[in-house]
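If you're matching them up, the sequences are chains A and B in order. The first sequence maps to residues 41 to 329 in this note's numbering. The second sequence maps to residues 824 to 1068 in this note's numbering.
It is worth saying that the hints were derived from the structure and are not from the lab. On a predicted model such as this, the values are computed, not experimentally measured, just so you know. One should not assume that every hint holds.
[Stated by the list, open to error] According to the in silico footprint, chain A covers these stretches of chain B (three or more CB under 8 Å from chain A):
no. : stretch
1   : 899-909
2   : 951-964
[Claimed, not checked] According to the in silico footprint, chain A covers these stretches of chain B (three or more CB under 8 Å from chain A):
no. : stretch
3   : 916-929
4   : 932-946
Cβ atoms here follow ideal geometry from the backbone N, Cα and C, with glycine treated the same way.
Listed here are the chains, written in short residue letters.
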Amino acid sequence: MLDWLLASPAQRRLLADRSGISGPTPWLIAIMSFSMVIVAAAGLALSNTASAIAKAAEHRYSVQVSDGGRLPSVLTALRSAPGVTGAEAVPEAEMRSTLRRWLGTEAENPDLPVPTLVNFDAGAAADLVAIGKRVRAAAPDASIVAHRDNLKPMLRSLRSLQWLALGLVLLLAGAAGAAVVLAARGALDTHRFTIDVMHGMGATDVQVTHLFQRKIAIDALVGSVTGAAAAGVALLLFTASAAVLGELTGGVRLTLSDVLLLLFLPLGLTALATWVARSAVLAALRQAL
Amino acid sequence: MSGKGRRLSAIVEFDTVGLRYGTGAEVLRDLNFRLQKGGFYFLTGPSGAGKTSLLKLLYLAQRPTRGRVQLFGEEISDAPRAALPQFRRRIGIVYQDFRLIRHLSAFDNVALPLRIAGASEVEVESPVREMLAWVGLADRSSARPATLSGGEQQRVAIARAVINRPQLLVADEPTGNVDSEMAQRLLHLFTALNRLGTTVVVATHDIGLIKDTAGARMIRLENGSVVDPTGALRNPPNIPIDERH
């Protein structure tokens, strides 16, 4: 099945294939491969970040109490409610610190009414309606907000970026395919005379195609592995210097399956380039008798 | 197969064949002839008469725009493209311009038909050496075409055309680039091959060659049509193969 990869010296001589790797094709594919791996890694990191944030916020809720005096009873009501696994009041200092981002030093003004917040976690089976009733019994004006509702716009943006990354990977694969088509056509033009002579002697399209397919497969493999290796080095350097980013995303890293997927990309790109080259050469050969 | 000799049958049959390039006028018109298996034919005619076009039909570089062409007893006018390589492997071609692959050695050029037919390197080595010796180029096997003289290139082209022992050999002006002595040697190669059973079609302007080839028939083309006043090419007499030479 893959015997076309093992060309004899005589077959290699037919295309004057001396070094095995030549021309701009390996460089083009290396650039595509580098970009694909970087974009795919970013997309996977975004996906992991979105999942981590969504998971953390899945069962977390906030209770906003306008009357700070009712805070102890709200906490008691929450902690005694079935399904609630923990409830903590957000310290006023933390609230003011958060408000400082928008209000500046005015956030420290003691006259500023700072809402009282209680964060609580509820199990998956918790009855939120019943919990709400208990809270409102303790503080009638209290309101419960699910964190996942607050995070929805941000998660939607993250998912969009993830799809954008996938789209970019596909676009880069398409661009690599187009480059291979051009390279294949160029190689056909260069070797048109040899092909005509071979056809005249009874060479089949598949025999001729194997010569080009093998050369482009090797170019693509060398290019894509080189590009992916460079991307791997770049990602390692970036990860090492981006501890802050890790903190922002809860220390999210690429998983083993992500790394395997990234390792598959250069191989997938090689397979794509080989298939595209084969199709392009066969289509071009069919134009002749 | 009796003692009276083996009878010849048609290896090529043209029936009202016409050929035009694009939307131009027909360069070949109403060709009707049969080439007998084991025959030796010279294709003659003035420049522009359509000799090369007729040869292209013979070695399947063109399809007729009308009419019917049979090769080796099979209809090939509208044969699927994928079927053509098997026919081509039974035809040897000597091009007017040699068409040697310039980055390959003489050995590799001659070996090409065998390799295309799927022969292994072990199977290629000996026949190619023998063939190069046969055409007097045993010591030039590793030379590239650019370093060979016109006559040497012609002999490499002929060696390449006959290495596969083709059933039909088509040669376009094979002696056009060689001196008369070499022309005679090449003609002897062709007649030797013809005696082994290969049908030979040689397009040439060289009347001397025709005179020197016993038993050869002539196909004359004029203005894209075969001149056949007696109908001998259309309905060739059944000559026993043993009586031709």
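Here's how the hints hold up against the structure:
| no. | hint | result |
| --- | --- | --- |
| 1 | 899-909 | holds (count 5) |
| 2 | 951-964 | violated (count 0) |
| 3 | 916-929 | holds (count 5) |
| 4 | 932-946 | holds (count 7) |
Checked against the numbered hints given earlier, the structure breaks only hint 2 and satisfies all the rest.
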